[in-house]
Every structure is written in C-alpha cells, then in structure tokens.
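Protein chains: 4
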Amino acid sequence: MDFHSDNAAGVHPAVLEAVARAAGPHPRGYDADDWSARLDGAFSDLFGTPVRAFAVPSGTAANALGLAACVPPFGGVWCHAEAHIEVDEAGAVGFYTGGGSLMLVPAPHGKLTTAVLDEAAARRRGDVHQVQPAALSLTQATEAGTVYAPDEVAALAGWAKARGLTVHMDGARFANAVARLGCHPADISWKAGVDILSFGCIKNGGMSAEALLLFRPELAETIPVRRKRAGLMPSKGRFAAAQLLVMIEGGVWLENARAANAGAAAIAAAVPDRLLWPAEANELFLRLTADERETLRAAGFGFYDWELAGPDAARFVVRWDQDMAAIRALAAAIARL
Amino acid sequence: MDFHSDNAAGVHPAVLEAVARAAGPHPRGYDADDWSARLDGAFSDLFGTPVRAFAVPSGTAANALGLAACVPPFGGVWCHAEAHIEVDEAGAVGFYTGGGSLMLVPAPHGKLTTAVLDEAAARRRGDVHQVQPAALSLTQATEAGTVYAPDEVAALAGWAKARGLTVHMDGARFANAVARLGCHPADISWKAGVDILSFGCIKNGGMSAEALLLFRPELAETIPVRRKRAGLMPSKGRFAAAQLLVMIEGGVWLENARAANAGAAAIAAAVPDRLLWPAEANELFLRLTADERETLRAAGFGFYDWELAGPDAARFVVRWDQDMAAIRALAAAIARL
Amino acid sequence: MDFHSDNAAGVHPAVLEAVARAAGPHPRGYDADDWSARLDGAFSDLFGTPVRAFAVPSGTAANALGLAACVPPFGGVWCHAEAHIEVDEAGAVGFYTGGGSLMLVPAPHGKLTTAVLDEAAARRRGDVHQVQPAALSLTQATEAGTVYAPDEVAALAGWAKARGLTVHMDGARFANAVARLGCHPADISWKAGVDILSFGCIKNGGMSAEALLLFRPELAETIPVRRKRAGLMPSKGRFAAAQLLVMIEGGVWLENARAANAGAAAIAAAVPDRLLWPAEANELFLRLTADERETLRAAGFGFYDWELAGPDAARFVVRWDQDMAAIRALAAAIARL
Amino acid sequence: MDFHSDNAAGVHPAVLEAVARAAGPHPRGYDADDWSARLDGAFSDLFGTPVRAFAVPSGTAANALGLAACVPPFGGVWCHAEAHIEVDEAGAVGFYTGGGSLMLVPAPHGKLTTAVLDEAAARRRGDVHQVQPAALSLTQATEAGTVYAPDEVAALAGWAKARGLTVHMDGARFANAVARLGCHPADISWKAGVDILSFGCIKNGGMSAEALLLFRPELAETIPVRRKRAGLMPSKGRFAAAQLLVMIEGGVWLENARAANAGAAAIAAAVPDRLLWPAEANELFLRLTADERETLRAAGFGFYDWELAGPDAARFVVRWDQDMAAIRALAAAIARL
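Residue numbers (the working numbering), protein chains in the order written: chain A, 649 to 985; chain B, 649 to 985; chain C, 649 to 985; chain D, 649 to 985.
Chain A extracted, bound-state conformation:
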C-alpha cells in the first residue's frame, strides 16, 4: 500500500542471483573482471550502436559524471526547472563540473519544448561575461511522469545541436518511457540525438548500480579517471556490472517497467478526472484536497503531497513489484472519495 517511491522497490530475483554468481574470488579487480568487460558489448547490442558503458552507484552519479564529460567549469546546462539534477541532487552537477551552472527553464508537465528554450535563450547574450551553455539535459520519463515521444526528443536535440550543445538524458525511468512508447530504445536516445544517457536500473528492480552510457566515444575519454577520482569505481567491479548485465540481457528492465506502467495506468483509468496531466509512465499526479489525502492515508496508503503542483496535489509512484491488490485498492479508494 506504499506509493511513495520506486526506490522502495525490491530487487529482482535475477539480479540477486547474478550477484551471488559473482561472489567467489576473481583474479582481476576494478573494471578488469569478466562482467565489466562485457558491459560495453551488452549495451551496444541493446542499443544497436557502439556504446561505452560505466557502472555507477546512483543516478546522481550517472547524471553528474556524464555532464562533467561535456560541461566545462564555466559551462551551463539547460534543463527543466523541476529537473532532478536541480531539485534532488544537492548541486552534484556543480561539484562534478567544477562550478558549472544549471540554466533552469520552467515548462508545463515537466516537458521542455523548443519554444520555451528559444524564449530562455533569447534572454542570454552569450558573451564572455556569461556562463557558456554547453549541454541540454532532458529527463525521460520526466519528473512529472510524462514521456517525450521520439520526435519530441529529436526536436529538442536538434535545437541543442544547432547551438553546439551536447545532449544528456536523465533516464532514471528510461525503461518506463520505452515501455510506454513501445519503441526501440535507440529511437529515443542516440537516433534522436542523445549523446549521453543515464540508464536507470535501481528503481526498476536493480540493487546498487546504474549505467552511464555514452554514444559518442570521444565523450567517454575522461570518464574513467573522473569516475575513479570521484570514488565511483568499485574495487570489486563485478558486482555492479553483473547487476546491469542481467537487467538488460534478460529483458528484466523492460518487463519490470511494463509492470509498473500498467499499475499506474490502471489507477489513472479509474480516476481520469483527477489527473493533473497525463500519467504516461509509472507516476501519477492527482488533484486531491487535504481532506481527501488524509482519508487515503488513514486507509493505509503512502504517498507524497506535491506542493510543486499546488496545494491540492499528490504524487503516487507504482513500483515494478507493486502488489496488484494494492493497486486496485488505491484506485477504488480514490474513486470512492
């Protein structure tokens, strides 16, 4: 009955088994083990293009390390005003880039458009007295639970490329976006112009590893030493790599995302008039008064108030392993209000 966050999700049994299989002694540490050695290949296969892949211990690490590959200390990152890198990462991009800035752009439903970016860019001169734009960061699925269609990603990436910017995607819920769109993962990443992808696994059935993917090899050049000096390179690298491999090689990543999305869709379908905006992945943002929220909590449901969307808003996140009975119970409880 807990809908606070997909960070509360369990670990998929296949991930646990993969970790156990790696438990014995192994002659090579750091990234020289047999599992880490397969990462690039496995992700290249999944995406249908050469990929450099690095295991990191958190989404924050993936985002900040990835952006450090393309944003100089004097550089800036265009992103949504409610982007996770702004709201929930304690300034990690500033840390990893050595002082780079986020350039915040408000827009409805968590989704940037070229129109709002044009408007924001028009207010900057770009001379030597200003932070120098270096990257565009998109979140997919967005922090508002919406999803960019392939052509939307392509339009935004095109906007960025025309200005010499690198395109980063915070894909903490990339799997949920792919599941929603029914597209190939390439369609909303490198084929649409994304250069760097934080490929989320932990919320989606993983344990302690996310993947940082780089679709242009030159962007990966400084990553190994940056990752090492950030303390992100595990001495027993096989345990992180094994988790990532089993997620993607076995299809767990997509299967889990579909399950979570389906749960959210079931709730959304039951209470369509309460949706603040479309629920396109595994998060729902609902119009609920304080009294209604209290009623739900009294009935045992856990979730966050969402002040960012106003005083009568709440967020519900459905996990990959969410109990279907709990999902039905929540839908019914809201419908009864």
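Hints were generated in silico from the structure; no laboratory data involved.
Certain hints may be false.
Claimed, not checked - Reference excerpt, derived from the structure (chain B facing chain D, CB under 10 angstroms, subset only):
1. F722
2. G723
3. G724
4. A770
5. R771
6. R772
7. V776
8. Q780
9. T937
10. A947
11. L956
12. D960
Note that the coordinates shown come from a computational prediction; the quantities given were computed from them, not determined experimentally.
Ideal Cβ placement from N, Cα and C applies to all residues, glycine included.
Guided by the hints, dock chains B, C and D onto chain A, whose structure is given.
Then chains B, C and D, alone, in the frame of chain A:
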C-alpha cells in the same frame, strides 16, 4: 595461486546472505531504511564511543569524503609519499576538497614518524602565500604492509593535534592492523587521537561498501550533503548498510583479517631472508630477482613487481579466502629458488 | 554623448595623484605596505564599526570572494534573477565557492522583497537532497537603477538571518544608493544586517581597485588565503590600497556618486513618462521604440537596448564625469522624439 | 639598502605616464579599449610570432590561469619542488584547475633536468588510478636565481612534448633571463617549445599588471571566460594594458632587467666565494653565518634568511631601481666580514 591483490577476494557468505535478506521491497529509501538506521549504533558499539558512520562505495570515496570534512580548498594534508591517496586515487582529495593539496613525506617502510614530519614542516613558512596544513593522514596497515602500534599512532596524532590538524586514517586494511596488534579497535583509532577513519570492508570479505567513520560529531555535519552531491548516497541504502552490519556485528571483519594475516605470516616465516621489511599484516614485499620472479610466474603464481622498492622487489597479498594449499605452495616455491 | 556604462568613466584626478605618490620603491610588498595597513582603519571610520577591508581588482572578484567566505560548495545564494552575479559574472560564484549555486528569484524593478523570497523558499524542501541555502545577495543600487531604503534592506536581512543565512550586498553602485538616500553608509549596510559588502569604486572614479568589506571579523578569516590563491593579492599592494583610501578619505566616493545621480535625475525629470520605473541612482531605463532609438543613435548618443525589459526598452547610464551639456542634449533629444 | 625583494621596486616613470594618459573617459570598457586591443599585436611583435596576450593582476594569476588552459581537474603539473607555484601561491593551481596536482621534482640550484624528470616519471604508472600528467612548468629565471640556456629549455620542452604535455614557463623574471642570456625572447620561449608564458612586469618596473601569453591559439580559447569568472578581467582594462604596452614597446622591460642583473653581478663579483651557486639573474644566494647576517642587518641591509638552502644561507634580490651606492655598500660590507 593469485597473490596480486585482496581486491580479488570473494565475498563472505554472511555478506551475501545479508544482502539477500534485504532484497524485498522496503518502504523507506536512501538512508531511512532499517539497516542504515542501525549503522551509527553498531559502529559505536564496536568502537566503544559515539560514532557517525556512512556507507560509501569505495575506499577512495571514504578517504576523500572524510578529508573533505576537515580540509578547506586551500588546505593541505600531510601524508606518506606512497600513501594510497597520493598514488592510487587519481587526485580524489583534490576533487573532494575543491583544490586541497597533499603534502608528501617520504619515510622508510611506509611509516611516518614525528621526526620526518618535523623535518618536512620546518620547510614550510605557513603564511598566507602557502597551502594551509589542515590534516594528517595515516594508513593502517600501511601501504608497505607494516603496522603502527598504538603508541605510534598516538605520537603522530599528538603531533598533528599540537598543530591544529585533524587526524585521518586510511583503514583499508584496518582490520588487519587490529588482528596483528591484538588490540581493541579503539586503541589505534579514537583513543589514540584519530578523528576520521576509513574502515575497509571490501578487501576483507565485503562486496560493495566501505564505512566512513567520524569520531567527533561536528566533523560529520557536512558529510550527508557532500555524500549526496557526490553521488555516493545509494537510493536503496539498505544493501550497503546490510553488508557493513554483518561484517562487524558477526565478527567477520576480524576473523577474515586474521586468516589473511596468518597466510602472510606463514609465507614470511618460510622465507625470512627475502623480506624487504617486516610483514606485519597481509602484504609481503620480497627481494626477488627478475629471473626468480619469472620462475614463480611460470609456476602459476600471480603477483606484482614493486618498482617503488627497487628493481628486485615484488609484492604478494594474501586474501582472507586464500587457499591454504596455495599459500604453502608459494612459500615452498620461494624457498626453493 | 556616451551613456553605455559607467565603466567608461575616467579616473578622478585625486586617484591618479594617489597612485603617483605611491610610485617610488617601498620596502614592504603584498599587503604589508603603509597604504594597505590603513585600509581596515579607514573603512572602519567610514562605516563607524570595525571593518576588515581587502582590495580586489574587480567587482566580480569582490562578490565571488566575499560569497566564498560564507557559502560552502554545497551551498546556495538567494539572489534576484537579474543580479549581476547571475547575468554578468560568468559563473564566478560557482568557481569561488567550489560549486555553489545561485537560487534565482524574479521580481519587478530589480528589487527583492520578503514576499517573493517566501514564495521561492516555499518551493524548496531543504533536505540533504538539495542545495543548502547559505546566503542572500542584494544589489544596491539594483541592476534596475532602483534603490533599497534602509528599512527594506533591514527587512530582507532579517528574513535571511531568521534562516541562518549570511547577507551579502553587491555595492558596485553603493555610493549612488547612499547619495540617493542621504543616509549614513552604515544605515544600509551593517546596521541593516549586511555582513559582507562589495564596495564599488571603479565605476565611480576609481582606476583598478574595488573594496571587499566584512563587518563580522570571523567572516574574514579565510579571505587572505582565498584571495592569495585566486591571484587577487597584488605584489605591490600599495597601488590598490592608495586608490581606495583617497576615494573614501577625501569624500570623492560620495561627491562623484552625487554628480552621476544628479545627471540621471535631470534626464528623468525631462522625460518622466518614458521611465519604465523610477530612476533612483545613475541608471535610467526608458521606453523607446526601435525607431526612436535609431534617431537617438543617429544624433550621436550611445546606449544599450535592454531586451530584459522588453523590445521597446533602453538603458542609459550617467557617469560621475559626464558632461553636463551631453546630459542636457540627451534630455532634450528624448523630449523631442 | 633593502634587498628583500624586487616587489619592493618602484614603478618606472614611463609606466606612470602611460597610466595617466589613459585616465580620461573612454567609451569602451573591459577589453574593448584601444590599449587592450593592441596587446596581442605588441607581444606578437616582441616575440616574432602570433601571440595571444592577457593582462592579469599578479604572477599567481598568470601562472594559475595559464595552467588552467591545459591541465584538467584530474591532471598534474611537473615542476621543481621549490617552484613558486608550489611554495608561494597558496594552492592557486589546484584552485584554477579545479583540483589539479603539482608533481614535485627536487633538483639542485632550482633547475630541472630531463634526468631528474625521467627518474620521477619512472615512479608513476599513469593508469586510471593516478593523476594524469598534463603539463611541465619551468621557472625562468629560476627561484634560485639561475637561468636555463636556450638548449636547456628546448631539451626540457622536448621531454614534455614527447609525453603529450603542454609547456608552461613562469617568467616572473623572464626579462632577467633574457638580459642574462643576451638572446631573443623567442629563443627561450616558443622557439624552444614553450607554449604558455607568464611574462612578469611588476617586479621589473611595472605597477599592477602581468601578462599571460599563449603561443598556441587553441590554448587561449577558454582563457577569456576563465579570466572573467576569476574576477581577473578589469572593467577599465585600459590601465592594465597601458602598463604592459609601455614596458615592452619602449624597451623598458629589458633595460630594467639589465640594471638589476648588473647590480647582482657586481655583488657576486665582489664575494665570489660566498655564492652557493651561480648568480645568473638578479638574485644572489650567499653563504653567511648567523653572526654575519646579524652584522649586515645591524649595518642597515635588509634581506631574507633562506632556510631552504640550509642554516647558513641568505637571499639578496637586486631591484631595477636599486641605488648603486647601496649595491656597492653591500658588496663592501660582505667582503669585510
């Protein structure tokens, strides 16, 4: 037959079981889970004093994050010229402190003394034109496989305290030092003046978590947000915490270190005249010609040449799970040379 | 006829003479010279309270170095969305703080209020996942040429203090604000709760030195070494200090600001219906169509379009040494449009 | 009678006149003024090759900003153990590079050789666990008052280039080296492989500006914005540029250096047996007991003890404007000891 590194060690079964027990969904993410909530208490019990404990994914992260708590951007860290933070962490201290410096002091057998520190300090004026010393970092057991006795730690920490410096200990092999000395862990840490301890677990049977311990609560104040923005705070914090808890609550940490030390001692006892200096923990540095090293490798033994100690030196590390037959075989093979 | 910027102003003769008097050899370099030794005292006299004063070569240096004294790498600075530190300093605060962030607050006419700050603060949780607010930065006179009255400064500083924040004031045109208000400089600085003041001289008749003032001695503790390592500490410190001393000890600072303000007031009085908002210092923001701007430029007047205030806006800045004939000519030319 | 430092020198009259000529209002601020616009050309003429030139307020700023152009945050700078960037700049390189490291190499008489560099480099593995060497920094004239001949510079630069390193020269006393060698400034800079030169003026008759020179245009790409965000870009840039122009266009730089060198040579010639090593520029390092030093000080001579060179060492620096009588008096006084 592999003696390259204790990073090649396996994971202790108890660690794997602890991780498996944490695998189900859990309502609270980040550090709010039931395992993380017990970390401070468990380490406080182990050390017999209030301790703030944080799980981090690598020894580099523990060292750099810990030093960031006490070294300003304009500060310096006295350390041995061969300290791991200098030789093997890719400038992590410079990164985490925002530009702080290591102040290197050469000394025999990996061990600092107040005499060599005095000599080094006498060459610095300390005025505003210079890096401002802020910390002393000791490694225990040292990078040379030697161990500081409690009174040696106390003397060095006293030297630091007299100069207003914070004392950090890189304890990647802290357990091996305790095992060697037969002392209480407090005797070579807070009771001897250590303020911050990187408590190593991964080399010693852990999987993917080390512990950063702070013995003075005010030093821990900035750690949570520094850890978060460094991407070191796992969203499913329970998996890191569970590993640490089982290591220390079950006594695995000390048992494993004893086993590794015993293996090294067995080899040392068999070839005493080859020791470059005393083998006091689980590392041996041996005098071996290039021909002799080739002979050993041809026989299937893995190890590193150790140029830092000259052209005829090699390093052997014994793991907690090293096969006793392999240990005996190595001792015999060297004796036969 | 040039109204682009007060950076175009000349150097006051007294400043030039002071520099010339310092030109001979002097036995002590850096800050040990006779001029630098008097800085603290002279500013303490001017402000009527103990002040630590440091010469720096630019307003950007004053702002960023001052904020580095109170903003940790994981900290944030509340400031107006059009603050100079955001719009015109190329990310200097991020550099000097080691990754700190600006937290931008839009508000009319360049002036923050506690109401807009309350609203902005309500959108932040302040937990460990977020940048930690550490300072409030006000600009006086503002970037919009408006001025905070003493009680407005006090209210904003009170808001900050209640939240544990340090109060910084970018006083590139502090003299113009004092001249406008007719108050004692203390009334809009330390008496109103300001802790750190960038005291501008260069736009106001100086040559190459600004003053960074700290009204709380503990805030000055790290400044000397931060200033040195930033390359801001001149080896012949007497030339910077001599400029600052002559500006404040001779009253030049206030006399010049009055002259500049009077020029702006004369223009404002002649074209009151064109003012986008009150012209309270030496900057005017006027409603002018593209055709009108072209007419003025054709007549020889220099000024900037001001897109930030819309398509029909322009900025005029009056210098301390602006020719009165040019001022009258501009007023007349605009009136004629 | 003061021989402490050339920072005690006066400002050359031509410099003062140049500043006075720039004192009136000027329509363009920052670097758009007529003086700044001529900097590149003037230095290109002096060096006989295209040069990008930037005025900065201190030698520390020149060194750190220049190295930031070529040293990434994870990079290292080979330099002499007694280099000014290590001993006297409070960690500026760490600050400007965002965490880069100095890699110290001891060597006699302040002079690096390829032999000592080879030895130091042999102790580094260079893998991802280590700081990545990025630059070699030489000081010319050295901190020991010695001078690298053109072929020595070329040999060291060749060593660096063979390893992919950029070559930086701290030329706080570059003029003194040119004066000593009687060579063209190109011979010990770009023609010998130097990429970046901190061209000192302040010690040598300047007032408040040094020049940062880049001999490869691509190295200058990030300098403008790095300089701005460091607060090193003066809003009235003409005053810094005017100083530099008059120093080099009028030949003052070389004339002054010759005068200072001649003074030092006169003393050296009078007391040859006291020289700790050759006095090749304007600094002398002499063997003097504590009693002898006391005698000299009692006679009114000012100078520093030089502990770095042992208990019986002292440093004397001759300024460009040093009184010849004082020089003779010092020589006589030492000879009398």
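Here is how each hint holds up against the structure:
Using the Cβ-Cβ criterion of 10 angstroms, the hint placing B/F722 at the interface with chain D is satisfied: the shortest such distance is roughly 5 angstroms. Here the hint on B/G723 is kept, as its CB sits about 8 angstroms from the closest CB of chain D, short of 10 angstroms. Hint status for B/G724 relative to chain D: holds, with the closest Cβ pair at about 8 angstroms, below 10 angstroms. Interface restraint check: B/A770 against chain D, minimum CB-CB distance 7 angstroms, threshold 10 angstroms, status holds.
The interface hint given for B/R771 holds, since its Cβ lies 7 angstroms from the closest Cβ of chain D, which is under the 10 angstroms cut-off. Restraint check, B/R772 versus chain D: the minimum CB separation of about 9 angstroms is within 10 angstroms; hint holds. Of the supplied interface hints, the one on B/V776 holds, with its beta-carbon coming within about 7 angstroms of a beta-carbon of chain D, less than 10 angstroms. Using the Cβ-Cβ criterion of 10 angstroms, the hint placing B/Q780 at the interface with chain D is satisfied: the shortest such distance is roughly 8 angstroms.
The interface hint given for B/T937 is broken, as the beta carbon of that residue sits about 19 angstroms from the closest beta carbon of chain D, more than 10 angstroms. Because the beta carbon of B/A947 sits about 26 angstroms from the nearest beta carbon in chain D, more than 10 angstroms, this interface hint is broken. Interface hint at B/L956: satisfied, since its Cβ lies 7 angstroms from the closest Cβ of chain D, which is below the 10 angstroms cut-off. With a cut of 10 angstroms, the hint placing B/D960 at the interface with chain D is violated, because the nearest CB-to-CB distance is about 15 angstroms.
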